[in-house]
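**Student:** For the record, the sequence lines run as chains A and B. The numbering used here puts the first residue of the first sequence at 1, with every later residue one more than the last. The numbering used here puts the first residue of the second sequence at 1, with every later residue one more than the last.
Derived by calculation from the structure, the hints in this document are not laboratory data. Warning: the hint list may mix true and false statements.
DSSO-like mimics (lysine-lysine), calculated; alpha carbons at most 27 Å apart, straight line [stated by the list, open to error]:
id : chain 1 : residue 1 : chain 2 : residue 2
1  : A       : Lys183    : A       : Lys106
2  : B       : Lys40     : A       : Lys106
3  : A       : Lys54     : A       : Lys73
4  : B       : Lys2      : A       : Lys126
5  : A       : Lys184    : A       : Lys47
6  : A       : Lys183    : A       : Lys47
Residues of chain B clear of chain A, computed beta-carbon distances all greater than 10 Å [to be verified]:
id : residue
7  : Met1
8  : Glu48
9  : Glu50
10 : Arg51
11 : Ile89
12 : Lys116
13 : Thr117
14 : Thr147
15 : Asn177
16 : Arg217
17 : Val234
18 : Leu304
19 : Phe323
Glycine residues also receive a C-beta, built at the ideal position from the N, C-alpha and C atoms.
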Amino acid sequence: MALIRVEGLSFGYHRKTVLDTISLSIDEGGGMALLGPNGSGKTTLLKLVLGLLKPACGNVLLNGRNINSIPHKELARLIAYVPQIHKETFGYLVFDVVLMGRMPHKPFFSRYGEADRRIARDALEKLGIADLAERPYTEVSGGERQLALIARAMAQGARTFVMDEPTNGLDYGNQIRLLERLKKLSREGFTFVFSTHHPDHAMSVADRVVMMRNGVILHDGPAEETVTSSSLEELYGVDVRLFTVEKNVHVCVPAVRLCRKTES
Amino acid sequence: MKLFPLVLLALILLAVVLISLSLGKYPLPVADIASFLLYKLFGRGVIEAERLRLLENLILEIRLPRIMAASLIGAALSVSGAAYQAMFINPLVSPGLLGVLAGASFGAALGIVFLKTWYAVQIATFLGGIAAVAIALGIARVYRINTTIMLVLGGIISGAFFTSLLSLVKYVSDPYNQLPAIVYWLMGNMAMADRSMIITAGIPICLGILCLAFMGRHLNVLSMGDEEARALGVNVMLVRITVIICATLISALTVVMAGVIGWVGLIIPHITRMITGPDNETLIPASALMGAAYLLIVDDISRLAFNFEIPIGIVTALVGIPFFLVVLKNARKGWH
Numbered sequence: 001m002a003l004i005r006v007e008g009l010s011f012g013y014h015r016k017t018v019l020d021t022i023s024l025s026i027d028e029g030g031g032m033a034l035l036g037p038n039g040s041g042k043t044t045l046l047k048l049v050l051g052l053l054k055p056a057c058g059n060v061l062l063n064g065r066n067i068n069s070i071p072h073k074e075l076a077r078l079i080a081y082v083p084q085i086h087k088e089t090f091g092y093l094v095f096d097v098v099l100m101g102r103m104p105h106k107p108f109f110s111r112y113g114e115a116d117r118r119i120a121r122d123a124l125e126k127l128g129i130a131d132l133a134e135r136p137y138t139e140v141s142g143g144e145r146q147l148a149l150i151a152r153a154m155a156q157g158a159r160t161f162v163m164d165e166p167t168n169g170l171d172y173g174n175q176i177r178l179l180e181r182l183k184k185l186s187r188e189g190f191t192f193v194f195s196t197h198h199p200d201h202a203m204s205v206a207d208r209v210v211m212m213r214n215g216v217i218l219h220d221g222p223a224e225e226t227v228t229s230s231s232l233e234e235l236y237g238v239d240v241r242l243f244t245v246e247k248n249v250h251v252c253v254p255a256v257r258l259c260r261k262t263e264s
Numbered sequence: 001m002k003l004f005p006l007v008l009l010a011l012i013l014l015a016v017v018l019i020s021l022s023l024g025k026y027p028l029p030v031a032d033i034a035s036f037l038l039y040k041l042f043g044r045g046v047i048e049a050e051r052l053r054l055l056e057n058l059i060l061e062i063r064l065p066r067i068m069a070a071s072l073i074g075a076a077l078s079v080s081g082a083a084y085q086a087m088f089i090n091p092l093v094s095p096g097l098l099g100v101l102a103g104a105s106f107g108a109a110l111g112i113v114f115l116k117t118w119y120a121v122q123i124a125t126f127l128g129g130i131a132a133v134a135i136a137l138g139i140a141r142v143y144r145i146n147t148t149i150m151l152v153l154g155g156i157i158s159g160a161f162f163t164s165l166l167s168l169v170k171y172v173s174d175p176y177n178q179l180p181a182i183v184y185w186l187m188g189n190m191a192m193a194d195r196s197m198i199i200t201a202g203i204p205i206c207l208g209i210l211c212l213a214f215m216g217r218h219l220n221v222l223s224m225g226d227e228e229a230r231a232l233g234v235n236v237m238l239v240r241i242t243v244i245i246c247a248t249l250i251s252a253l254t255v256v257m258a259g260v261i262g263w264v265g266l267i268i269p270h271i272t273r274m275i276t277g278p279d280n281e282t283l284i285p286a287s288a289l290m291g292a293a294y295l296l297i298v299d300d301i302s303r304l305a306f307n308f309e310i311p312i313g314i315v316t317a318l319v320g321i322p323f324f325l326v327v328l329k330n331a332r333k334g335w336h
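Turn these sequences into a full structure, and let the hints steer you where they fit.
**Tutor:** Here's what the structure looks like:
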């Protein structure tokens, strides 16, 4: 049985249709990347998959249950949201941010216990940022914040992570380091669903790519079969070439750079 | 939750309480107060009958009620300020954000002009504060946008509305008796708090503070943004409404006890955050202790700085503003 099944999903804001009868299913383990231009409905789809929005039509099923019927707390223990890094919040310690992942495990009037702290520490160690525990979240780098948010998702106890443009706002090195980390975690059996603007990122982490435009799915399939120069041109309307640098390692190069080479 | 800063602040508050008990037109040495308290609480030591009567009158009848009132008001305003700052993800908002102070002021003025008994005025004050926040929430609800921005706008509109109504009441009031009474109320005035009021207002204030203190974890998550909080399994609407109800209740009660006292709810959580860090599990109780101690000190100044008593609302502003200018330099530290 599929982990997540999206059936005939439609959604709109203010009469404008954002998603138009989307269907797909996501199996456990591995990564699924959403590619598409701005306004294609990627973020809306992710929010529906998280149960943060109620669909106008159709259903999202998690392990066969309608996601909008699962109580918030229980849902948070099954599926975690790793948002884009924050611009504004208070300077909580990284450790305290990770500890927030224990929220869905606590009754309303209660405090975090030693068990919660241990789980938070383990999550920090797993992501290799244990040394940041006592630093303010607002004072570490963007990449470190993103890792802290992933650590929090782990502390939640969830095995499925939904990420909205996880590499957004990170410098080049941190983007690569984050992708490596995601790849490693997906090999350990975690499931990732993420949106991205970089076909390279999709190909390096995801084994499946879904291409969206104007609220419908254009292509859906294994990464190496789906991401092609023709599908990218169809998606974004630009000229892109794909090269194979090693066995199973593909890069995509925009035509701008290729033109310059031929001119000189 | 960090215990060390809380214990430290509790000790500071205790010291400020003892010093405040000793200060007054008839100064008492702290040692006398200590021996009186030992005698009263544990039956230790010996005090002459006449001296005992004097101490009982001064400490229990005159100074203690006022100290309790100042502590309760300082704690209530600081805690509601701290909770709002976390909820609205802004370290510079105050308990009056949703219009509670404007509404309560209007209620008080209306009561002073149209109602006969003091008791009725207090009820009008409380209801005015609640009504203003209810209207702010109503405005946010009508537009069906569950964002903090809409809440803030609702608060601004509701606050402006009640401020205009307050002007109207002032305009129609009798300028010889009622108008001065209204103005005096708006300046904040600790002398109004008597013992029975401290008990009737004090119990709900303590409950409100306690409830907010237990919501520290939720406030932390809420200040990461609504969607994130919901994805962490938090019922955002329930938490937000609970915080607003508690904060409105305790701020409205402070106006009932002593009129409008500004600046405390903005400054104290801000300064406390610099000491304890932003974790609301520690910050909320620490703000309560800090606010209580601060308002006690300010009340001592307002009682003793001159031959006559200055309304405490004026002193909190005069002391608070320079204080705030000093800390403003660090106001956004660790924010971006």
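**Student:** All hints, please: hold or fail.
**Tutor:** Outcome of the hint check:
no. : hint                  : verdict
1   : A/Lys183 <-> A/Lys106 : 31 Å, violated
2   : B/Lys40 <-> A/Lys106  : 43 Å, violated
3   : A/Lys54 <-> A/Lys73   : 17 Å, holds
4   : B/Lys2 <-> A/Lys126   : 26 Å, holds
5   : A/Lys184 <-> A/Lys47  : 25 Å, holds
6   : A/Lys183 <-> A/Lys47  : 23 Å, holds
7   : Met1                  : 7 Å, violated
8   : Glu48                 : 49 Å, holds
9   : Glu50                 : 50 Å, holds
10  : Arg51                 : 47 Å, holds
11  : Ile89                 : 6 Å, violated
12  : Lys116                : 42 Å, holds
13  : Thr117                : 38 Å, holds
14  : Thr147                : 14 Å, holds
15  : Asn177                : 48 Å, holds
16  : Arg217                : 7 Å, violated
17  : Val234                : 6 Å, violated
18  : Leu304                : 37 Å, holds
19  : Phe323                : 21 Å, holds
Hints 1, 2, 7, 11, 16, 17 from the earlier list are contradicted by this structure; the remaining hints agree with it.
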